[in-house]
Structures are given as structure tokens and as C-alpha cells.
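Hey, can you work out the whole structure from these sequences and the hints?
2 protein chains.
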Amino acid sequence: MHLFAVPDLPEIGPGDDLAALISERVDLRPDDVVCVASTVVSKAEGRTADLADFPAGPRAREIADRLADLTGDEKDPRFAQAVLEESVDLLMEAPFLLTETRFGHVGVNAGIDRSNVPGGDLLLLPERPGESAERIRAGLSGADAPTGVDTPAATATDTPAVLVTDTCGRPFRHGQRGVAIGWAGIPASRDWRGETDRDGRELGVTVENVIDELAAAANLVAGEGAGGTPVVVIREFDFGDHAGSDNHFREIEGDFVRQALREWDFDG
Amino acid sequence: MHLFAVPDLPEIGPGDDLAALISERVDLRPDDVVCVASTVVSKAEGRTADLADFPAGPRAREIADRLADLTGDEKDPRFAQAVLEESVDLLMEAPFLLTETRFGHVGVNAGIDRSNVPGGDLLLLPERPGESAERIRAGLSGADAPTGVDTPAATATDTPAVLVTDTCGRPFRHGQRGVAIGWAGIPASRDWRGETDRDGRELGVTVENVIDELAAAANLVAGEGAGGTPVVVIREFDFGDHAGSDNHFREIEGDFVRQALREWDFDG
Numbered sequence: 022m023h024l025f026a027v028p029d030l031p032e033i034g035p036g037d038d039l040a041a042l043i044s045e046r047v048d049l050r051p052d053d054v055v056c057v058a059s060t061v062v063s064k065a066e067g068r069t070a071d072l073a074d075f076p077a078g079p080r081a082r083e084i085a086d087r088l089a090d091l092t093g094d095e096k097d098p099r100f101a102q103a104v105l106e107e108s109v110d111l112l113m114e115a116p117f118l119l120t121e122t123r124f125g126h127v128g129v130n131a132g133i134d135r136s137n138v139p140g141g142d143l144l145l146l147p148e149r150p151g152e153s154a155e156r157i158r159a160g161l162s163g164a165d166a167p168t169g170v171d172t173p174a175a176t177a178t179d180t181p182a183v184l185v186t187d188t189c190g191r192p193f194r195h196g197q198r199g200v201a202i203g204w205a206g207i208p209a210s211r212d213w214r215g216e217t218d219r220d221g222r223e224l225g226v227t228v229e230n231v232i233d234e235l236a237a238a239a240n241l242v243a244g245e246g247a248g249g250t251p252v253v254v255i256r257e258f259d260f261g262d263h264a265g266s267d268n269h270f271r272e273i274e275g276d277f278v279r280q281a282l283r284e285w286d287f288d289g
Numbered sequence: 022m023h024l025f026a027v028p029d030l031p032e033i034g035p036g037d038d039l040a041a042l043i044s045e046r047v048d049l050r051p052d053d054v055v056c057v058a059s060t061v062v063s064k065a066e067g068r069t070a071d072l073a074d075f076p077a078g079p080r081a082r083e084i085a086d087r088l089a090d091l092t093g094d095e096k097d098p099r100f101a102q103a104v105l106e107e108s109v110d111l112l113m114e115a116p117f118l119l120t121e122t123r124f125g126h127v128g129v130n131a132g133i134d135r136s137n138v139p140g141g142d143l144l145l146l147p148e149r150p151g152e153s154a155e156r157i158r159a160g161l162s163g164a165d166a167p168t169g170v171d172t173p174a175a176t177a178t179d180t181p182a183v184l185v186t187d188t189c190g191r192p193f194r195h196g197q198r199g200v201a202i203g204w205a206g207i208p209a210s211r212d213w214r215g216e217t218d219r220d221g222r223e224l225g226v227t228v229e230n231v232i233d234e235l236a237a238a239a240n241l242v243a244g245e246g247a248g249g250t251p252v253v254v255i256r257e258f259d260f261g262d263h264a265g266s267d268n269h270f271r272e273i274e275g276d277f278v279r280q281a282l283r284e285w286d287f288d289g
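If you read the sequences in order, they're chains L and E.
Residues 22 to 289 (the numbering used here) make up the first sequence, in order.
Residues 22 to 289 (the numbering used here) make up the second sequence, in order.
It is possible that part of the hints are untrue.
[Said to hold, decoys possible] Derived CB-CB ranges, DEER-like:
1) E:D94 - L:A264: 19 to 29 Å
2) L:G78 - E:H23: 18 to 28 Å
3) E:R80 - L:G78: 27 to 37 Å
4) E:R46 - L:F270: 15 to 25 Å
5) E:G93 - L:F25: 42 to 52 Å
6) L:R50 - E:G34: 37 to 47 Å
7) E:G67 - L:E272: 33 to 43 Å
[Unchecked claim] With the C-beta cut set under 7 Å, the calculated list includes, among others, these residues of chain L facing chain E:
8) T69
9) E229
10) N268
11) A281
[To be verified] Which chain E residues stay away from chain L? Per the calculated CB distances, all over 12 Å, these:
12) G36
13) E45
14) D90
15) R194
16) A238
No lab work stands behind these hints: they were computed from the structure.
Ideal placement from N, C-alpha and C gives every residue a C-beta, glycine not left out.
This is the structure in C-alpha cells:
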């Protein structure tokens, strides 16, 4: 398996065609996995916003006040408002906002980024990263589709997979790591259930979330700094002969940490 | 960055010299990262055990009884005893055991594996995976150390880094992914703080846990099945010009999920 960053991408702005920009710079192969940082997807989709776009309602002011009381941190209530508007569930409101976004991802501040945003205060996550991944993939498909009479039309497996990636922290372990928030052309997980080891015993590992692992790998090669390389190609990843599944974001029913958070209150 | 599995490793047993077995099969380079699955580290260290080694005390019986009441699952109280003996903190006891191991890792069942164990019921995690990684690394160093008069003695940076990896699930997201539980020759994280993007704004991502990302990447290439490939080499990973840190496992003070779990009870 090989990973390389797509070279020489320009600064991305609203309306830019990421699929074309990538295809112009790399000869993609059908089994590549193209990992695109959510920051550039959001910029291309015009998901920049200003704090002034989010006049704070009572709930946002309450959250900001409570946070100031508990931690001494002054949070702009308009920022809390932006987070609430991007979210369907508020898991924690202090000492930081942890929410479920409209598309199912649990993250701090609904993944809203206050850096990396020319011409705006805020960069929101893509509205539907799964659709963003599909759209970018369709663009790659168009660029590479075979046209000869004897060449079969481009099918799902003729086109690279696309991930939209983000970075976020997690419980129990320090630091951030790359995760996938949208995917197309590859199942989220591969299933080892029923497979046995050399000794004929059933394997302990059952379902492996490959898109998060691919996103983590891509993050090792990507850079968000001044020489930004937000798109990484993973070549020769072998999914193997496994069943796949698209379960990715957990529902609260099977997520005991989330149930515990629902009953918990930070008290400073 | 490239990843490949070390080919043709034999089944590993107590006392096997993993460093030698790896060095014989791959011409390692100084900047490689060698990712070794904890299963083979444990086997080499003789961390196989039998349920009979863990006669259940009252606490283990209480946990097994409670689990049977709540979920209908019959858990062997001796298994609960083994988990307790491997742990320093019990975060959840139902519907499954989530603990902190003696070396700081939070995982289900203290990472004890009931598959992949010839000649025993249980495979415990390495006792001190950081020391395991150091030891394997020292073996690689010995195998590769330059001996000529004009060659400087092997230094830290002349020897590949070593990770001991495991797979585990996590809140909020389905499926398991690779993580590092021991490391040597590489910092756990790299620090982007103070660095700016093209626009001169400070980056949102601050501390990136690279050893977990490397372990996740390795898990995409490793296989635990019948043709097991438990050791993966990552070549040409560029840590870059960043400060490093060895913070990896969180303390409860900054871990709000863990604080919430401490106050939470599963009620079926």
C-alpha cells in the first residue's frame, strides 16, 4: 500500500471543481482511494460563514454564560449558535460543546473550524459529506471514463473510491487523528466474522472500520500548514475477500458512552 | 509512504525472538516504523493463560451474576477475574467490562483475547507494551548495528521505530480500528501548535497522535486470519519538523467521557 499527497493544489474557493483539480494532477487508478480533507470540500462548497450570520438565541446565550461561569472561558454566543444550528443532538455543553451533526458525526463544536478560512470567520463541515464524496467521485469517473467502442462503460469498480476526512479527538487517548466523515465507492467496514486463525479458532476482531483507518493513514501524509496538501491518494489498498457494511456512525442505542454522557453534567 | 507486511513469519511461541525473525525477513531501514501486533508480542512473552489460573473472587462473581441478570449473557466469572487482575480501574462492568489496564490503555475486557491462542484459553496483552517495543527495537538495532571502525555506533535515529499495536472499538463510531499500545523510537504525537496555514491563521488541529494513525494504517495491511501477517513495516513516514510528545493515554482529569462513565450505570 502506498500513499502520496496530490501536489500543487491551489488554494480552494467556492465553486472549484475538486475532482478536476485532482484528476489533472494525478493519473488515478480504479482501485485508488482518494482522501480529501473536509476543509477543502467545505471551501469548494462555499461553507464559509461569519459569526454575524448566527445571531445568538436564548439557548446559545445560556450555553455561553454557563461556560464562562464554569471555566472562565468567554465563548462568543454566536459561535454556540452556529454549533447548535449544525447539530441534531447536544451531548455535552461544558467544558466544550460536543454534538452530533446533522449527518451523524459526533464531534467538538460540530466540527466548525475557526482557522483555515480566508474571507470568513467560520468554516462549517460539508452539509452532507457522503454526497460530497459521491459528487467528487462522479467527477473523477467522468474524467477517466473509457470512451472506446469496445470498452465497457465506467462502472462502480472502474472509479477510485473517495473519502471526505476530518481530524478529531477522542476519549481515553490523547491527540487527534484522521477519521472519515463521508465515503463513496468503498464500504465503511470489512467483516472478519466467521473467519478463523491458523489454529482454527474464530477471530477476536470482527468488524474493522477501514474508512477511518484509511483516513488516519492519509492524515499522516496530508498537511494543513502553509504548504497545504489536503488531498492524499492511497494506492493498492486491498479490501480483501470480506463482506462490507456501511455502518459508520453509531446510534445511541448501542453507544453506552453516549448514554452515560446524556446523564452527566460537568461541574467545573 | 509505503506499507508492507513482513512475509512468512512462523507461528510465534514463548521465547521467540521477534526482532530476529523480522530482521531475517526484511532489510529494514533506519526510518522504518515496524508495527507488531500485540498478539504475537504476547505469545512471544508467554502471556497465554488458562481460565483455571483465575479462580473467581467475590467481585468477579458479582460482576458475572449482574451481567447474567441484565443481559442474559453467561460470563465465566473466572474471565471477569482475569480482567480485574489485568486492570487498575473498572470504567464499566455492564453490558461489558471496560477497564484501564495496568499500563494505561482503556479497552474492553482489558484487551484479553479468547481467539488466536494455541495451547491456552486466554491471551493477555503484553504486561508493559512500551518495554516490549523497546526490547524489540533493541533487537533490531543489534541485528543492524554498524560494526566498522569508521561507522558511528548505532544511535536512536539509526534504528527503526517499533509500535506494539492492538485493535479496539470506540464510542460514537462503529467498528474496530488499529491503535498503538506501546512505542519506541518515535514520539506518540506531533505538535502543530503555533503553525499557520497559507492565510497566516493558526491551525485548528493542534496535537496529532501519529502512533495511533500509524497503527491504524498498519491494520489495513496486517491480517489476523489463517495466513496471518501480524507485522507490518511502514516506510518513508515523514514526521516532519514538529515538536513531539509522549502523551498517549489520557488521565481521568481531562477525560470527560471517563468522568461521565464513572457516574453511570447500565440498567439493561
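Violations among the numbered hints: 2, 3, 4, 8, 15, 16
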